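Heads up: the protein sequence lines correspond to chains G and U, in order. In terms of the working numbering, the first sequence has 85 at position 85, counting the first letter as 1, and numbering is strictly consecutive. In terms of the working numbering, the second sequence has 308 at position 308, counting the first letter as 1, and numbering is strictly consecutive.
Keep in mind that the hints were calculated from the coordinates and are not lab data. Since this is a predicted model, take the numbers as computed values, not measurements. Be aware that one or more of the hints could be misleading.
What the hints assert, rightly or not - Example chain U residues on the side facing chain G (calculated, C-beta under 10 Å, incomplete):
hint: 1; residue: Glu77
hint: 2; residue: Val82
hint: 3; residue: Glu98
hint: 4; residue: Asn117
hint: 5; residue: Pro140
hint: 6; residue: Glu144
hint: 7; residue: Thr146
hint: 8; residue: Gly147
hint: 9; residue: Tyr152
hint: 10; residue: Ile155
hint: 11; residue: Phe161
hint: 12; residue: Gly172
hint: 13; residue: Ser246
hint: 14; residue: Gln250
Positions of the beta carbon are idealized from the N, C-alpha and C atoms, including for glycine.
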Amino acid sequence: MSLFDDKVKKQLQEALKPMVNNVNLALFTQTLECNTCRDTHLFLGEISELSDKLTLTVWNFQTDKDKAEQYGVDKIPAIVVLDSENRDHGIKFYGLPGGYEINSFIRIILEMSGLKEQLPDDLMKRIQGIKKDIHIQVFISLTCPYCPDAVSAAHRLALESEHIKADMVESSTFVPLAIKFNVSSVPKTVINGTQEFVGTNPLGKVLDFIEKV
Amino acid sequence: MEFNLSLSAVATDHRAVPMDKNKVYDVIIAGGGPAAMTAAVYCMRKGVAAGFVTVDIGGQVGETSGIENYLGFNYIEGSQLVEKFAGQMKQFEIGLSEGYAVTEIKDGREKEVVLENGDRYRAKSIILATGNRWRKLNVPGETELTGRGVAYCAICDAPLFAGKKVAVVGGGNTGIESAIDLAKIAEKVTVIQILDRLTADKVLIDAMQQFNNMEVLLLHEVKEIQGDKTVHAVVVKDTVSGGEKSLDVQGIFISIGLMPNTDMVKGVVELNGFGEIVVDCSCKTSAPGIFAAGDVTSVPYKQIIIAAGEGAKAALSACDYILKE
Numbered sequence: 001m002s003l004f005d006d007k008v009k010k011q012l013q014e015a016l017k018p019m020v021n022n023v024n025l026a027l028f029t030q031t032l033e034c035n036t037c038r039d040t041h042l043f044l045g046e047i048s049e050l051s052d053k054l055t056l057t058v059w060n061f062q063t064d065k066d067k068a069e070q071y072g073v074d075k076i077p078a079i080v081v082l083d084s085e086n087r088d089h090g091i092k093f094y095g096l097p098g099g100y101e102i103n104s105f106i107r108i109i110l111e112m113s114g115l116k117e118q119l120p121d122d123l124m125k126r127i128q129g130i131k132k133d134i135h136i137q138v139f140i141s142l143t144c145p146y147c148p149d150a151v152s153a154a155h156r157l158a159l160e161s162e163h164i165k166a167d168m169v170e171s172s173t174f175v176p177l178a179i180k181f182n183v184s185s186v187p188k189t190v191i192n193g194t195q196e197f198v199g200t201n202p203l204g205k206v207l208d209f210i211e212k213v
Numbered sequence: 001m002e003f004n005l006s007l008s009a010v011a012t013d014h015r016a017v018p019m020d021k022n023k024v025y026d027v028i029i030a031g032g033g034p035a036a037m038t039a040a041v042y043c044m045r046k047g048v049a050a051g052f053v054t055v056d057i058g059g060q061v062g063e064t065s066g067i068e069n070y071l072g073f074n075y076i077e078g079s080q081l082v083e084k085f086a087g088q089m090k091q092f093e094i095g096l097s098e099g100y101a102v103t104e105i106k107d108g109r110e111k112e113v114v115l116e117n118g119d120r121y122r123a124k125s126i127i128l129a130t131g132n133r134w135r136k137l138n139v140p141g142e143t144e145l146t147g148r149g150v151a152y153c154a155i156c157d158a159p160l161f162a163g164k165k166v167a168v169v170g171g172g173n174t175g176i177e178s179a180i181d182l183a184k185i186a187e188k189v190t191v192i193q194i195l196d197r198l199t200a201d202k203v204l205i206d207a208m209q210q211f212n213n214m215e216v217l218l219l220h221e222v223k224e225i226q227g228d229k230t231v232h233a234v235v236v237k238d239t240v241s242g243g244e245k246s247l248d249v250q251g252i253f254i255s256i257g258l259m260p261n262t263d264m265v266k267g268v269v270e271l272n273g274f275g276e277i278v279v280d281c282s283c284k285t286s287a288p289g290i291f292a293a294g295d296v297t298s299v300p301y302k303q304i305i306i307a308a309g310e311g312a313k314a315a316l317s318a319c320d321y322i323l324k325e
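Same shape as in the complex, but just chain U (with noise of 0.2 Å):
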């Protein structure tokens, strides 16, 4: 039996404070992941007055298991890189928001963030480093049926599948990867693209061979995904001779790649054609005092050592316009 245990579990020198709704703040830093924590540390040890507001802190790497490339661990999950991101932020006295979301940004000379509970903060500059989230495939039943047989997660959930029938949707990386750690526990595995081919690396695509209970269904799309507790079945359409059919499946877990997390700036930043915040290379969007960092904007390679550096540069950059304003 393994056992992953992180190491800090309780950290009591955490100084942290609530946000306050009557303070004008430096920097509010929207977006808890690697891009945001970095940006966070770096403005509290420039001493200007920083708030911190998220959904949740680690972002997508708190989803992820093992981490290989971010420099000074072999190794570490996710979850521990999380902690120890967190416990460097938290030493420092920073305004912090945690469980609601970012629903919009005003600009102005005075800037505000508007979260989903209705709080409103307001800042001389902000750093958006939102993230990614997992990219939905819009159609009847995925979110009415989330978390009842429509999944995302396919470490997390796959064990409750056992023994039963699913669909996995996307040919990619994410999408063979979810299939492989069904096809050993499920009845049997439905592979879902929507392209002629798989884009997985030819490793995976490999792994997959073992299996005798998958089974990759190409140039085919959802329709709609039916259900009433939970998922009975999903339907497909053949793209090429237009023929519907339906696959008796209890779960379909959706791995179509990201999006970034953006609509509470349209209109605010300039996006790209990915609905990415265009930065140039020292952080700026087209809004002065509005920086960004991480995947949520243009720039390429959405990696945890690339956002961390992308957010101390937002940091840098922040401070520096609050200096000259």
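Next up, chain G with everything else stripped away, as it sits in the complex (with noise of 0.2 Å):
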């Protein structure tokens, strides 16, 4: 059984096809497979067949220790976006984009793989200019149109600085989680556990929050 029906593959094709450079997608799952590791496990299997230039490695959480701790992955499933080089930029998703999630995740792609909207001068200033480690959780679930967004925002400075990473999370996936946060609407934006807003924002407002820290 796949989870693409023709018509979505077919969608997901022609989304990918701008693709520049080659991007790589590790997903971290364990032996046994929870149901969210199985699907995500299905998901990038069935998304890395639909362009030649996405590859897909699996690592195993409990016995590939070395590599979780590379990556900074604490919990499963996990999907780290390398680019070309297999180099990481702090980019996650905890848990299957699926829904409208799928848009983050293509862009996140597309992105990675070099096809960008050129930020402002003003705004990759700002950027260059955080020093701090900064580390963004943003909470969406599947059903809520302009999560993508704020997860988008959030991986896009990710993208841009060295010193910031930025996780997807999916609340009904890491209960525990979105309960620790006082998650109850979405998409709700965590940074260092400190810092958080409820909604969409752009870069410029997202990185108002992160000065903040």
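Reassemble the complex: the two chains are provided individually, in unrelated frames, and hints are given to aid placement.
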């Protein structure tokens, strides 16, 4: 049984066509897969078939501990988006990016491949001015039409700055974590566990929060 | 599993530029929904210098799941339609400021738009297309607990209330749609309606009947939302007996309609009893050189296609005004 029907498959193929360089998707799962781990594995297997510029590497969260540590993966299922040189830019998806979230997934794949909208100079300057380690967690649900914008903003910042890491966290997959941060509306963005906001914000406003950390 | 893909995930041919504080624009468009974006495209095609200031691109359309009455599309997701609108607008070198709301409009021969972060931009004319926002209850606890159990978007947040008890305020179409979405997943849903009946369409009220975890409190109003880190309870008052009681809930969805975003133009242009900007049939407000379009205006029927059409009209009126000035 496949996750994508023919229509979705075609749409995804079309969406991935403009990819410039290769992108490697690293999945962390385990031998006896949890339900979402299995679905995420299936999802990545199918999507990586849709472009010859996409590759998939599967790691075992329990036995490949050094890899998990290297990428800072602390729960599964986790997808780490790596560039053509297999370099890590701190961009992760915890949980399956299905529903509306497929859009942030495709977007970061394209951006990681080199196809990205240029950011205004003043924003780039502010991003380069960030010298502290920043960890952004964006809590989402798959039925939320504007959550992908919040995830894409966080991922883009991570892509542009070596000091910023950004995770998508699917709230129903990681319930205790969502409870820990009192997530009851999505998208909810939490920065270093201290700054937080609900809703979508453009990069400039997300930077306002980061600069307060 | 569903995948709601929007095709144009990344557009690289965007030519929009940051807003310029030293420039006097021909027209500044405030707002980011279909009226504002249509106005922007019309202004840029007319060749006038236009600026676009908005909190977000898409407005209410971005929060809409399926749209089946925007001609040309039998069915389109709200987010997809927004991308199409935004893509078409950004192919022009339009001035763009995103993320900060307009807090003040200063009228005069040269007009000024003030944003919440203090930025000020000048223009010969202004198009107000700032739309509507969710109407708030204005009860204690609502603001403090927003995002902590107080919610406004049921399709977004319903999954977070699986197995929990929730309240929905409002017995109109949005309220009952929210209640149905929540009843599928929550332990119990209590609908609180201030009137003596539900005002939602019959199809929705019929659809409610299949759930046995739903309760309707007619002639009740919310007095207070209680909680610390998250919502714990809602205090409701029986409007007939005057008696109050506390409902043990972890979430409250507020669906009591919309209100126009016109705080920034109070005293500048004429508003009607609903707080909407009064416009004539060419989108002129009571202040020369200030135009308005879309849901924020007195034009009846809040529809995407109407807002878009009004946006076009406001742009043409503004261009006409600039030419004559």
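Hint check against the structure, violated hint numbers in rising order: Hint check: 5, 6, 12, 13 fail, others pass.
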